[in-house]
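Knowing the structure of chain A, use the given hints to seat chain B on it.
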Amino acid sequence: MDTPVAVRARGITKCFGDVLALDRIDLDVAQGQIHGLVGPNGAGKTTLLGLLLGLAVADEGSLEILGTRVGRALAAPDGVTGFVDGPGLYPSLTARQNLSALAALRGRGARTTGIDDVLDRVGLTDVADDRVRGFSLGMRQRLGLAAALLTGPRLLVLDEPFNGLDPAGKKHLYGVLTRLAADGSTVVLSSHRMDDLEALCSQITILAVGQVVFTGALAKLSTEDRELDYRLRTSAPHAARRLISDLPGLHLVDDPAAGTRQDTGLLVVRALLPALDDLVAALVRTDIAVRELAPVVSPLEAAFLALTEQQEST
Amino acid sequence: MTATIAEPVAPAARPVSVARGYRFELVKLLSQWRIRLLVLACWIAPALFVAAVSQQSSLPVDTLFGRWMNATGWAGPLVMLGFAGTYALPLLTSVVAGDAFAAEDRLGTWRHLLVAVRSYRRIFVAKALASLTVILVLVAGMAVSSTVGGVVAVGNRPLVGLDGHLLAPADAAGRVLLAWVCVLAPTLALAAIGLLGSVALGRSPAGLLLPAVVALAMALAQTLPLPVAVRLALPSYAFIAWNGLFTSPAQVGPLLIGIGVSLLWTAVATVLAYLVFLRRDFTNLSYDGSGRRALTVGTLPLAGLLAVTVGIIAASTPAMGSGIEQDKLQQSIATAFAHLYRQQAQQLNRPDVTEEQLATTVACTKGDGRVAAQGPGNDWRCVVSWHLPGVEATGSAIYQLDVMSDGRYVADGDGPKEVNGYFQVRTPTGDQPNPLWQFDGNVELLSTTSKG
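As they're listed, the protein sequences go chains A and B.
Numbered according to the working numbering, the first sequence spans residues 1 to 314.
Numbered according to the working numbering, the second sequence spans residues 1 to 452.
For reference, chain A alone in the conformation it holds in the complex (with noise of 0.2 Å):
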């Protein structure tokens, strides 16, 4: 089956002065996809963000939007919108002014939809004629990508937009972005969060110090033969700490992050899955009731842990 791509990086390197921001980055994003972009700080997330936008050019390398090879700047093709950096707003406007001068530069020829709808899709509907001077940062947030679905994106390209969301407000946005996919648009967002990755994204790309440390399913991240720790309360800690230095396969960690405490009996165990089977059989065989068990982190942040900090060490 043929899937279109919506975006295609090959090779992208950019340098500011002697920083490498970007080196030799691949990237395929297909159309209707939702793609995360994840990092540690400095990795080179917005830098590559900015490039699909058309802020500026690669100094090497090839990029294809929407079928158009990008040369230059602010030459990305019609239908690529988003922000970087925070959404640009103007605080002496009211939220419907915002997104009416903005429809007003784009002129009628644009493809605008109401105002009135891409307010009442982000949510700030109530808010429409405050001005943004005294909004949060997540209703900031919401406002740049109701300006962003003003002109109905092939493209939207957005930088950290649950920044400042409350849950309530990033299930609201989830909806907003899952439905826009479905439509056939392709989101590329990046974010610090792994769950805000794993509740909408079906591909990630993990960047670390400017090069791509991992690139493809989600699922396949979260699968990967790795170790993680897990919490263990159980009926009989003293019992099931035994059990655990009997077993092959498993480690018990002393984390105070983890919260592990004798008197409360919380355990922390570092193990393969496998491993992981054979200790529950193990404490169901000897009458040890599990009361908890989960990972001190989730999957996913595990395995982007693991992946830029051995990138980062190199």
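Just so you know, not all the hints are guaranteed correct.
Just a few of them, taken from the derived set where beta-carbon distance is under 10 Å, the chain A residues facing chain B [as the list claims (entries may be wrong)]: (1) 50; (2) 78; (3) 81; (4) 84; (5) 87; (6) 90; (7) 97; (8) 101; (9) 102; (10) 105; (11) 147; (12) 157; (13) 213; (14) 214; (15) 247.
Not close to chain B: a few residues of chain A, all C-beta gaps over 12 Å, as computed [what the hints assert, rightly or not]: (16) 61; (17) 115; (18) 126; (19) 128; (20) 132; (21) 159; (22) 174; (23) 199; (24) 228; (25) 231; (26) 241; (27) 282; (28) 292; (29) 294; (30) 296.
It is worth saying that the hints were derived from the structure and are not from the lab.
All C-beta atoms in this analysis are idealised placements derived from N, C-alpha and C, irrespective of residue type, glycine included.
Just chain B, lined up with the frame of chain A:
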């Protein structure tokens, strides 16, 4: 799974037109409370100021035309023009043009704007035009408001020019309008310097204040005893040169040079601002526009422009040194005295005489003759002599002069009391201000000397 490029191929997005970008910039500018406040202030405050001052007995005689504020409504807008050139216009250009680009840095909206407009050139043009529009609205407000204030409070009456001749109300109105139009040129130069500072210095306050600082430095330079060529090569000279419109014939030489220099500075500073703007990398988040190199790129060419202009003016104009010479001063005072003498004669119901009949001559010395009779200073002393038809004796009066380095002077009558020694004259209708007691004049710095 095979990947293919998305179909249909998307065309490259077209940049937003300058007209739409201009409207967008105007909306942003006019949404700021400080701009709204400025517009309101410029359209209301001058009228109130001129009307209030015109009604006072103590007038701002140290300001050009200030002594005539309660005599004609056309003096008010000229007093306001003098104030605007020194203080208001530099500050207005700072607030508007000096913030045009820096505001986007402060708000973090550059990337958003670039993605929306997709053209550096059109963003620059739209911002420059929007700033220019707001500045023009502010200047027009000051001109209209001060004129309305003056004419309503005092009346549409003749104005005494800087050589003592009376300008009919219609003539005065035309010259006042022309004077305000002339100061648009140096205002544009300051606005262009504001754009340059705003682009080069980003969110730094130095960028915002640049036009005001440059204007202050230039105003200070105009008070120094600099050679005429340097004085005229500074765009700020056009803030003063409109004085020449109020003599007969008008002193248009320095005015035209001042306007030309100002427009040249406008063009060069705007082009520099554009080039600095084009060189900026908007994906580099650590860069906010400020930088020593950007400042150097902006400053050095302007310093070069000043040097070249000084050279050209020095080589192509007749005046050397300060431009204030004994002959020119004597001629200027003789002309002004003759015109004002006729006014005094009318006040006193004496027979009318012409300037030719008076045949006024003036002899001026500086520092009691101990220094060369040239250059600015308050140590000039002039003896005026004139003849009346049918009278054998020669009239004589003395003036102490304070001559400023820009050519403007104040002549202070020193007697005899019946002519110029007292501030009032007794007329059949009562006491009236004595036109010969104190008067303002203007020496044209560039004019070639001719004995007067």
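Hints versus structure:
Interface hint status for residue 50 of chain A: upheld, as the beta-carbon distance to the closest one in chain B is roughly 4 Å, under 10 Å. A distance limit of 10 Å between C-beta atoms decides the matter here; for residue 78 of chain A the minimum to chain B is near 4 Å, and the interface restraint holds. For the restraint placing residue 81 of chain A at the interface with chain B, the shortest Cβ-Cβ distance is roughly 6 Å, inside the 10 Å limit, so the hint holds. Evaluation of the residue 84 of chain A hint against chain B yields a held restraint, the C-beta minimum of about 5 Å falling below 10 Å.
Interface hint at residue 87 of chain A: satisfied, since its Cβ lies 7 Å from the closest Cβ of chain B, which is below the 10 Å cut-off. Below 10 Å, beta-carbon pairs count as interface contacts, and residue 90 of chain A has one with chain B at about 6 Å; its hint therefore holds. Annotation: interface hint on residue 97 of chain A holds; nearest CB of chain B at approximately 7 Å, less than 10 Å. Annotation: residue 101 of chain A was flagged as interfacial toward chain B, and the flag holds, the nearest CB pair being 5 Å apart, inside 10 Å.
With a least beta-carbon distance of about 6 Å to chain B, the hint placing residue 102 of chain A at the interface is held under the 10 Å criterion. Interface restraint check: residue 105 of chain A against chain B, minimum CB-CB distance 5 Å, threshold 10 Å, status holds. Hint on residue 147 of chain A holds. Least Cβ distance to chain B is approximately 8 Å, under the 10 Å limit. A hinted interface residue such as residue 157 of chain A counts as satisfied when its beta carbon comes closer than 10 Å to some beta carbon of chain B; here the least separation is about 9 Å, so the hint holds.
A distance limit of 10 Å between C-beta atoms decides the matter here; for residue 213 of chain A the minimum to chain B is near 21 Å, and the interface restraint is violated. Evaluation of the residue 214 of chain A hint against chain B yields a violated restraint, the C-beta minimum of about 18 Å exceeding 10 Å. For the restraint placing residue 247 of chain A at the interface with chain B, the shortest Cβ-Cβ distance is roughly 41 Å, beyond the 10 Å limit, so the hint is violated. Taking the minimum C-beta to C-beta distance to chain B, about 15 Å, the non-interface status of residue 61 of chain A holds against the 12 Å cut.
Listed as outside the interface, residue 115 of chain A is consistent with that label: its C-beta sits roughly 14 Å from the nearest C-beta of chain B, beyond the 12 Å cut-off. Every CB of chain B lies more than 12 Å from the CB of residue 126 of chain A, the least distance being 21 Å, so the non-interface label holds. For residue 128 of chain A, the non-interface assignment is confirmed: its Cβ lies about 16 Å from the closest Cβ of chain B, beyond the 12 Å cut-off. Listed as a non-interface residue, residue 132 of chain A fails to keep its Cβ farther than 12 Å from every Cβ of chain B; the least gap is roughly 10 Å.
With a minimum CB-CB distance of about 9 Å to chain B, residue 159 of chain A fails to clear the 12 Å threshold, and the non-interface call is violated. For residue 174 of chain A, the shortest C-beta to C-beta distance to chain B comes to about 23 Å, beyond the 12 Å cut-off, and the non-interface label holds. Every Cβ of chain B is farther than 12 Å from the Cβ of residue 199 of chain A; the closest lies at roughly 24 Å, confirming the non-interface assignment. Every C-beta of chain B lies more than 12 Å from that of residue 228 of chain A, the closest at about 30 Å, which supports listing it as non-interface.
Even its closest Cβ contact with chain B, about 38 Å, leaves residue 231 of chain A beyond 12 Å, as expected for a residue assigned away from the interface. The claim that residue 241 of chain A is not at the interface with chain B holds, since no C-beta of that chain comes within 12 Å of its own (minimum 48 Å). No Cβ of chain B approaches the Cβ of residue 282 of chain A within 12 Å, the least distance being about 42 Å, so the stated non-interface status holds. Under the 12 Å C-beta cut-off, the non-interface status given to residue 292 of chain A relative to chain B holds; the minimum distance is some 40 Å.
Its beta-carbon lying about 34 Å from the closest one in chain B, residue 294 of chain A satisfies the requirement of being farther than 12 Å from that chain. No Cβ of chain B comes within 12 Å of the Cβ of residue 296 of chain A; the nearest lies about 33 Å off, and the non-interface call holds.
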